[in-house]
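Participant: Protein chains in written order, with our numbering: chain A, 1 to 161; chain B, 1 to 161; chain C, 1 to 161; chain D, 1 to 161.
It is worth saying that the hints were derived from the structure and are not from the lab.
Among the hints, erroneous ones may be present.
[Unchecked claim] Label pairs and their computed distance ranges (CB to CB):
no., chain 1, residue 1, chain 2, residue 2, range
1, B, R34, A, V158, 30 to 40 angstroms
2, C, G58, B, P160, 19 to 29 angstroms
3, A, P160, D, D19, 35 to 45 angstroms
4, A, A57, C, P75, 51 to 61 angstroms
[As the list claims (entries may be wrong)] Chain A stretches covered by chain B per the calculated footprint, using a threshold of three residues with CB under 8 angstroms from any CB of chain B:
no., region
5, 76-88
6, 116-129
Cβ atoms here follow ideal geometry from the backbone N, Cα and C, with glycine treated the same way.
4 protein chains.
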Amino acid sequence: MNEAFTFIGVIGGSEVPPDIAAQAEEVGREIARRGGTVVCGGLGGVMAAACQGATDAGGLTIGILPGDSRAAANPCVRIPIVTGIGYARNVAVVRTSQAIIAVDGSYGTLTEIAYALQAGIPVVGLGTWRVSLDDRDDDAIHRANTPQEAVEKAFSLVKPS
Amino acid sequence: MNEAFTFIGVIGGSEVPPDIAAQAEEVGREIARRGGTVVCGGLGGVMAAACQGATDAGGLTIGILPGDSRAAANPCVRIPIVTGIGYARNVAVVRTSQAIIAVDGSYGTLTEIAYALQAGIPVVGLGTWRVSLDDRDDDAIHRANTPQEAVEKAFSLVKPS
Amino acid sequence: MNEAFTFIGVIGGSEVPPDIAAQAEEVGREIARRGGTVVCGGLGGVMAAACQGATDAGGLTIGILPGDSRAAANPCVRIPIVTGIGYARNVAVVRTSQAIIAVDGSYGTLTEIAYALQAGIPVVGLGTWRVSLDDRDDDAIHRANTPQEAVEKAFSLVKPS
Amino acid sequence: MNEAFTFIGVIGGSEVPPDIAAQAEEVGREIARRGGTVVCGGLGGVMAAACQGATDAGGLTIGILPGDSRAAANPCVRIPIVTGIGYARNVAVVRTSQAIIAVDGSYGTLTEIAYALQAGIPVVGLGTWRVSLDDRDDDAIHRANTPQEAVEKAFSLVKPS
Chain A
1 MNEAFTFIGV IGGSEVPPDI AAQAEEVGRE IARRGGTVVC GGLGGVMAAA
51 CQGATDAGGL TIGILPGDSR AAANPCVRIP IVTGIGYARN VAVVRTSQAI
101 IAVDGSYGTL TEIAYALQAG IPVVGLGTWR VSLDDRDDDA IHRANTPQEA
151 VEKAFSLVKP S
Chain B
1 MNEAFTFIGV IGGSEVPPDI AAQAEEVGRE IARRGGTVVC GGLGGVMAAA
51 CQGATDAGGL TIGILPGDSR AAANPCVRIP IVTGIGYARN VAVVRTSQAI
101 IAVDGSYGTL TEIAYALQAG IPVVGLGTWR VSLDDRDDDA IHRANTPQEA
151 VEKAFSLVKP S
Chain C
1 MNEAFTFIGV IGGSEVPPDI AAQAEEVGRE IARRGGTVVC GGLGGVMAAA
51 CQGATDAGGL TIGILPGDSR AAANPCVRIP IVTGIGYARN VAVVRTSQAI
101 IAVDGSYGTL TEIAYALQAG IPVVGLGTWR VSLDDRDDDA IHRANTPQEA
151 VEKAFSLVKP S
Chain D
1 MNEAFTFIGV IGGSEVPPDI AAQAEEVGRE IARRGGTVVC GGLGGVMAAA
51 CQGATDAGGL TIGILPGDSR AAANPCVRIP IVTGIGYARN VAVVRTSQAI
101 IAVDGSYGTL TEIAYALQAG IPVVGLGTWR VSLDDRDDDA IHRANTPQEA
151 VEKAFSLVKP S
């Protein structure tokens, strides 16, 4: 095994406005430019945009799907993983990634952020959820202001395995 | 089928300080007093305390376990569900409940809160996570100040099925 | 915890002819008569018939459902566990049971038999699958000829926990 | 998306004698030679041998792991999918594959065969389980006598998507 993959998760809502999709696409493109592989939930919105960007830049994309059929994957998923386990697949999206970039976010995204923090997998947020307990902000999510900064931070946070 | 169950989820960390455990125990007791059944993740901390309270008050308790064996259940779980699917079982804890009470909380609790909000299952928070997006607080979590208030709200939010 | 439950899984197809349903109903009835709790996949066919029999005899029934809603449970499921993980829930049906009775059987039933044999959970077969490897019959499935015999064998095979 | 993947599952025990491993390795090699991608459970035995053969022939390998860590993958898994859902991941191994080759087999293999038959995904058997119901052999498993024949059959059975 002489070529190493770096798996970067991109998470976010399945229906998003155009400006969010544009950010996600740029995230995907930048991941591919740096030789990374996009891991996502395989559906629309942020996931589809990230896969589009990665594919345009010649990168590989993995979509970990909730349903029973590969037909639900967005057109830029190159490797569809068909789990059949519904939203429980969010755990697999997280655990398969060596770092995660959250773009904006639905409640599903929040489950993935929390699973990642629980597992000690680095999370970079681009306009995503903030969470606080006992009125203290949890600063475990690394914040970024641009897609490039988010991807740069994500790669820097990947632990050597 | 003449007797109806009301399933109230109680979620929270598996290791908690005594004051949090005392709150969870009172939540469990109050659920049982009102004729409800406690649904939880079956392990320690908030889960064990809630089961203890419910059992003391003569109530039924369901523990939806992550691992492969019923032996991991806390001693007051009457009905252990052995899923073998790890933290993906958080989805099942949520979906099995008709309303959820979050007491304090770990990251695992945050996954469950987010799964519940995604599914439209009411969440009552007792000193638990606050979440915000775009600097706007998400007020989807109903706040309570005491175990009694939390349980009262949870029952009032259960939708007739 | 002074009252102990004994959890007996009943597995089989979700659409079955009347004679198979009658056997499953008798299996459920006999489990309840002996004080056991029926664990099943919560849907129709063998599952519904077993729940019907158990309920008629005053027993408790647990349905571990594949989908996202308790509404899919058959009417005699008293405790619906809503997993949302699709057919992966077959593992949970098996692991939650202390012994399993397979009545007739679909391919889903075969997954459950195999999961049970893998986990060392006793399986009693009533007209169910036979499996062989290298032309040698696997005799790990205990055979019964009547519902009463099946239930008697299942209870005798439950390991003290 | 101009290059298409063909996903062929290879299933079998995680500890097997050398002659079985040699068969699995040849299956993996032949899949890669034909341009297919090996999908497996990511662990040892048949899985490791198939990945070894595929990697030797320059092919891609996907390991859908049961546990929480990519460290459990055999060394020839190029794309580790970390599910964290235990043996429930067997469903994902099956659903991700367009055809499946079962080499010899443990009980876990039998769950996968049954899941595949349930889902209508073609199964080719190389010295694997035979299953029968009502004393009639189920001939849904396509039989092969050599690794080459197994792979040839598997590719011929892949449905155009």
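Participant: Next step is simple, just say for each hint if it's right about the structure.
Facilitator: Each hint tested on the structure:
no.	hint	verdict
1	B:R34 <-> A:V158: 30 to 40 angstroms	violated, 49 angstroms
2	C:G58 <-> B:P160: 19 to 29 angstroms	holds, 26 angstroms
3	A:P160 <-> D:D19: 35 to 45 angstroms	holds, 38 angstroms
4	A:A57 <-> C:P75: 51 to 61 angstroms	holds, 55 angstroms
5	76-88	holds (count 4)
6	116-129	holds (count 5)
Hint check: a violation occurs at hint 1 only; the rest are consistent with the structure.
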